[in-house]
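Place chain B on chain A using the hints.
There are 2 protein chains.
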Amino acid sequence: MDSEMAKAPLSVIVLCILSVITGCASPNIRGTGDLGVIIERSSGSVQIVDGTDCVSLGRVTGLGDLSHASLVFSKDQRFVFVFGRDGGITKIDLLLGKVVKRVIQATNSIGGAISADGKLIAVQNYEPGGVKIFDSKSLNLISQIVAPIGATGKPSRVVGLADLPDNKFAYSLFDSNEIDIVDVKKPSDPSVTRFKNIGKSPYDALASPDGRYYIAGLYGEDGLAIVDNWNPESGARRILSGYGRGEKNLPVYKMPHLRGWSLSGELAFFPSIGHHEVIMADAHNWNQITSIKVAGQPVFVMADPSGRRVWVNFAYPDNDKVQVIDVPTRSIIATLSPGKAILHMEFTSKGDAVWLSSRDDNKVVVIDTSSLKVINELSAESPSGIFFSWRSSRIGM
Amino acid sequence: MDSEMAKAPLSVIVLCILSVITGCASPNIRGTGDLGVIIERSSGSVQIVDGTDCVSLGRVTGLGDLSHASLVFSKDQRFVFVFGRDGGITKIDLLLGKVVKRVIQATNSIGGAISADGKLIAVQNYEPGGVKIFDSKSLNLISQIVAPIGATGKPSRVVGLADLPDNKFAYSLFDSNEIDIVDVKKPSDPSVTRFKNIGKSPYDALASPDGRYYIAGLYGEDGLAIVDNWNPESGARRILSGYGRGEKNLPVYKMPHLRGWSLSGELAFFPSIGHHEVIMADAHNWNQITSIKVAGQPVFVMADPSGRRVWVNFAYPDNDKVQVIDVPTRSIIATLSPGKAILHMEFTSKGDAVWLSSRDDNKVVVIDTSSLKVINELSAESPSGIFFSWRSSRIGM
Numbered sequence: 001m002d003s004e005m006a007k008a009p010l011s012v013i014v015l016c017i018l019s020v021i022t023g024c025a026s027p028n029i030r031g032t033g034d035l036g037v038i039i040e041r042s043s044g045s046v047q048i049v050d051g052t053d054c055v056s057l058g059r060v061t062g063l064g065d066l067s068h069a070s071l072v073f074s075k076d077q078r079f080v081f082v083f084g085r086d087g088g089i090t091k092i093d094l095l096l097g098k099v100v101k102r103v104i105q106a107t108n109s110i111g112g113a114i115s116a117d118g119k120l121i122a123v124q125n126y127e128p129g130g131v132k133i134f135d136s137k138s139l140n141l142i143s144q145i146v147a148p149i150g151a152t153g154k155p156s157r158v159v160g161l162a163d164l165p166d167n168k169f170a171y172s173l174f175d176s177n178e179i180d181i182v183d184v185k186k187p188s189d190p191s192v193t194r195f196k197n198i199g200k201s202p203y204d205a206l207a208s209p210d211g212r213y214y215i216a217g218l219y220g221e222d223g224l225a226i227v228d229n230w231n232p233e234s235g236a237r238r239i240l241s242g243y244g245r246g247e248k249n250l251p252v253y254k255m256p257h258l259r260g261w262s263l264s265g266e267l268a269f270f271p272s273i274g275h276h277e278v279i280m281a282d283a284h285n286w287n288q289i290t291s292i293k294v295a296g297q298p299v300f301v302m303a304d305p306s307g308r309r310v311w312v313n314f315a316y317p318d319n320d321k322v323q324v325i326d327v328p329t330r331s332i333i334a335t336l337s338p339g340k341a342i343l344h345m346e347f348t349s350k351g352d353a354v355w356l357s358s359r360d361d362n363k364v365v366v367i368d369t370s371s372l373k374v375i376n377e378l379s380a381e382s383p384s385g386i387f388f389s390w391r392s393s394r395i396g397m
Numbered sequence: 001m002d003s004e005m006a007k008a009p010l011s012v013i014v015l016c017i018l019s020v021i022t023g024c025a026s027p028n029i030r031g032t033g034d035l036g037v038i039i040e041r042s043s044g045s046v047q048i049v050d051g052t053d054c055v056s057l058g059r060v061t062g063l064g065d066l067s068h069a070s071l072v073f074s075k076d077q078r079f080v081f082v083f084g085r086d087g088g089i090t091k092i093d094l095l096l097g098k099v100v101k102r103v104i105q106a107t108n109s110i111g112g113a114i115s116a117d118g119k120l121i122a123v124q125n126y127e128p129g130g131v132k133i134f135d136s137k138s139l140n141l142i143s144q145i146v147a148p149i150g151a152t153g154k155p156s157r158v159v160g161l162a163d164l165p166d167n168k169f170a171y172s173l174f175d176s177n178e179i180d181i182v183d184v185k186k187p188s189d190p191s192v193t194r195f196k197n198i199g200k201s202p203y204d205a206l207a208s209p210d211g212r213y214y215i216a217g218l219y220g221e222d223g224l225a226i227v228d229n230w231n232p233e234s235g236a237r238r239i240l241s242g243y244g245r246g247e248k249n250l251p252v253y254k255m256p257h258l259r260g261w262s263l264s265g266e267l268a269f270f271p272s273i274g275h276h277e278v279i280m281a282d283a284h285n286w287n288q289i290t291s292i293k294v295a296g297q298p299v300f301v302m303a304d305p306s307g308r309r310v311w312v313n314f315a316y317p318d319n320d321k322v323q324v325i326d327v328p329t330r331s332i333i334a335t336l337s338p339g340k341a342i343l344h345m346e347f348t349s350k351g352d353a354v355w356l357s358s359r360d361d362n363k364v365v366v367i368d369t370s371s372l373k374v375i376n377e378l379s380a381e382s383p384s385g386i387f388f389s390w391r392s393s394r395i396g397m
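Those protein sequences? They're chains A and B, same order as listed. Counted from 1, the first sequence has number 397 at position 397 by my numbering; the numbering is strictly sequential. Counted from 1, the second sequence has number 135 at position 135 by my numbering; the numbering is strictly sequential.
The following block holds chain A by itself, in its conformation from the complex (with noise of 0.2 Å):
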């Protein structure tokens, strides 16, 4: 026994064993199925947040540049992922409310992606390109992918990393114009089958819900690309040969991310480029159903999980509005003004409400999506992306 210990008075070792227990009874035992990430871009920070009493559990800090930063949960919940404009990635306790450790591994990055089975994070680089694979328990690198040497003469810049079924990764290759899909199984070895000439420029991509396609947006002309996981031979196809910024090239004053597109089995929401408009499609077959006039040029086009509404937010100017748009009549049935430069949109797992990022008016709006009303708000620093972890249980998320 510390002789100091043995010394200390009585009511110093009873507040000891207090403040022990509080410890305990902290929120740091806590189920995490409705826990909550906020980015707050210009603090380099992220918020915790309770998504079921809408309150802050706390702020953990020193993330670096968080100015295009997005993040993976672990399987368990118990951390996230972030990865930051600067090449880092950090590993967050949210229970513990504390960084476990960060590593800097590359000079400018894009965001991650989480291996189905859990165990494997991989990073996709803009400088020096390619794919790194990290061991997401002790974060060390596993491998890498070295990407082939594009139009700018060194490694191409990688977007539009997915997870897929069966521990596989997908990624596109903006100055390649490739598509390829990576087997992780032998995490030191990843199995690399790539899809060449798929378009110009991919910009991002997303991945279906079950996995099945994976659908790459172009900068340089009209179309997307896609590839169905379930016939690889078949190799990348074009849909959507009118989709991109026309002929005119209107002013576009953000490239709508893919990641704000809606798929449901049967339609697909997703927003015109350079147009007020939202379209409609056959997700089969990818022809146009309708487009939907909106209040703005949207970049996220969210459906609701129910897939009953989709909410819809705009680039500047029109970023002070939300509409929902009622699926059935196809009309708007509200325009909303919950604060100003809304960048993010994210639902509790079952829709019951809608978190939305204010950064201009630095806070965090939840909307009650039966209501339509605002059940409360939370002070936050230029929040962008918002985060709930259900997306542990999500393919491509």
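Calculated directly from the structure, the hints in this document are not laboratory data. Computed from a prediction, not measured in an experiment: that's the story for all the values here.
The list makes no distinction among identical chains, and a pair is therefore deemed to hold if it is satisfied within one copy or across any two copies.
Calculated pairs, DSSO-like style, for lysine-lysine (alpha carbon to alpha carbon, straight line, at most 30 Å):
(1) Lys119 / Lys196
(2) Lys321 / Lys293
(3) Lys185 / Lys373
(4) Lys373 / Lys340
(5) Lys137 / Lys373
For chain B alone, coordinates are given in the frame of chain A:
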């Protein structure tokens, strides 16, 4: 300060501190995204498991008659609500491994559901018939829905209870041939929409993954009844007119649960009744696409999360087998013999593994879905249902 404590020797106090610290460092602090719960039907207990490391975390006993039991997870995944055949609802704290509260709310019960916002628990009863709504925090009764008098002269038995989006529940009335949709946005005053004469003796039901469709199986005649929650005014209609036991009344060893069906956006897979066949149908128009010969009378016909493969278990005497169907080729690619009396199958969230309960071998078998090899086996007492916490974020689960 307690005078006894003041007199306690310092060593005892230090031991107390240590034990409290040990408590803090215990598995109590952990993510809940990969937790599973296994029902041990004959011993009235459940086992809590870690779905990543495939190990048991403990057992909770004293849950009554679990001969036909199910459970739902709380929204935060810290708790499960176990519904026993004896009308008991037991709320279990998965992190502390103990019963929080147990109420006996009927004398014969057949399962329950949790509302989209996680605040309400609904229970469906055989004796007395009807539905009761409880507060999920306190398990206090909030309201009850008295079922209409059926052919038995008593309130109808209720089956097929499922949560729907927008804080609604759906259920079917076995004795009065009815489907009801109940809106619980005012929990103390539920609002019921009734669909009458939907077909003879609905015996089980399921909701589609987006909650749009509610489908009830009929015991008294062939075919099924479907309600489209986007168009409730169009009423219930009939689909799959040839589905059932047929005119010959084939011997049926176990009426398959409708929760054993798999619905993707495009395809439905379900057990033929009395035949050694799995039926594959178009989930839009409900036309049969094909049937696939299998090794026995199928019970659960479960697509993995990617929809690429369908796993099938069987009624006695073929319940020691499990078959795997490859969806693109509609062929059986494996026949496994994982143990005696395989009662249930549960995939991990992204389908990298499947857990099988072998009742008569008193074990749970974990299989890698890629290699089809056994990863691990856990001892369990007559295991039946296996439930992973990803269910907390899915509609109708």
